[in-house]
Amino acid sequence: MSSIWGKIKTEVTDVSDFIGQKLAKEFISNSSSLEDALIKLLAGKLSDDQFEAHELIPSLRTAFYKNKTLSKIIEQDLVAYFERDFACKYYVEVLFFFTGFQALEAFRIAHELWSEKSDFTARWIHKRVSEVYSVDIHPAADIGSGLVIDHGIGVVIGETCKIGNNVFIFHNVTLGGTGRSDGARHPEIGSNVVIGTGATILGNIKIGENSVIAAGAVVLNDVPENTTVAGVPAKHIGKANKIQ
Numbered sequence: 002m003s004s005i006w007g008k009i010k011t012e013v014t015d016v017s018d019f020i021g022q023k024l025a026k027e028f029i030s031n032s033s034s035l036e037d038a039l040i041k042l043l044a045g046k047l048s049d050d051q052f053e054a055h056e057l058i059p060s061l062r063t064a065f066y067k068n069k070t071l072s073k074i075i076e077q078d079l080v081a082y083f084e085r086d087f088a089c090k091y092y093v094e095v096l097f098f099f100t101g102f103q104a105l106e107a108f109r110i111a112h113e114l115w116s117e118k119s120d121f122t123a124r125w126i127h128k129r130v131s132e133v134y135s136v137d138i139h140p141a142a143d144i145g146s147g148l149v150i151d152h153g154i155g156v157v158i159g160e161t162c163k164i165g166n167n168v169f170i171f172h173n174v175t176l177g178g179t180g181r182s183d184g185a186r187h188p189e190i191g192s193n194v195v196i197g198t199g200a201t202i203l204g205n206i207k208i209g210e211n212s213v214i215a216a217g218a219v220v221l222n223d224v225p226e227n228t229t230v231a232g233v234p235a236k237h238i239g240k241a242n243k244i245q
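For the sequence shown, the residue numbers in the numbering used here are 2 to 245.
Treat the hints as calculated values from the structure; they're not laboratory data. Hints may be right or wrong, so weigh each one.
Claimed, not checked - Computed beta-carbon distance windows for the label pairs:
1. K236 with E56: 19 to 29 angstroms
2. E53 with S30: 31 to 41 angstroms
3. K73 with F98: 15 to 25 angstroms
4. D143 with A216: 22 to 32 angstroms
5. K207 with S182: 14 to 24 angstroms
6. K236 with Q51: 44 to 54 angstroms
7. S17 with P225: 48 to 58 angstroms
These figures come from a predicted structure and were not determined experimentally. All C-beta atoms, glycine included, are put in the ideal place defined by N, C-alpha and C.
Starting from the given sequences, assemble the full structure and let the hints guide the process.
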């Protein structure tokens, strides 16, 4: 049993309110691991008039069979939320209530299925994540571990986008293309980058590691490492300071 799953199981022992107890019983007490609980939770969230939760569970599990490191990546994501979101007090909060985390992990499952040529299942999950969470991440996008999508609303990440490790993205961020029809069309985001609310980063450009993209910025050109940019269009305004 992972240490994070053990902490989550301990956290729910003190839950006393009705909703908390019901969630704990359904998704923690009756689950064998974090991935098991997540699969059950996402199956319920993504189910619709076409597919019931119990029909989705086998397809969602397939991703974990194909990629044995996926469970560890999900743990790293959850820990990143816990450590970097100042409103978070418990690991189990991230699992139950953080919509950005749920959308991200549904993407990760879709990405594995896409990589295994299960295109229709991956596309269906992609569609449902967009409908349920208002987060649109193409299943082909390449996203490192420890990503935080804060507030989990209005984020768009394009097909050929690459994102490094430990990136923090606020709401209403677009990592999009500029109209090219082939090749790498979307940004490459280095590790430890922070992207502020409402920022737009377009085209096959590189955002260097440890950089900060200010809220509302429109970035059309490469950004060097350890740099803060702001404005429309974005301009260099100084050295990046560690935030969030």
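Checked hints:
no., hint, in the structure
1, K236 with E56: 19 to 29 angstroms, "violated (51 angstroms)"
2, E53 with S30: 31 to 41 angstroms, "violated (22 angstroms)"
3, K73 with F98: 15 to 25 angstroms, "holds (23 angstroms)"
4, D143 with A216: 22 to 32 angstroms, "holds (25 angstroms)"
5, K207 with S182: 14 to 24 angstroms, "holds (21 angstroms)"
6, K236 with Q51: 44 to 54 angstroms, "holds (48 angstroms)"
7, S17 with P225: 48 to 58 angstroms, "holds (51 angstroms)"
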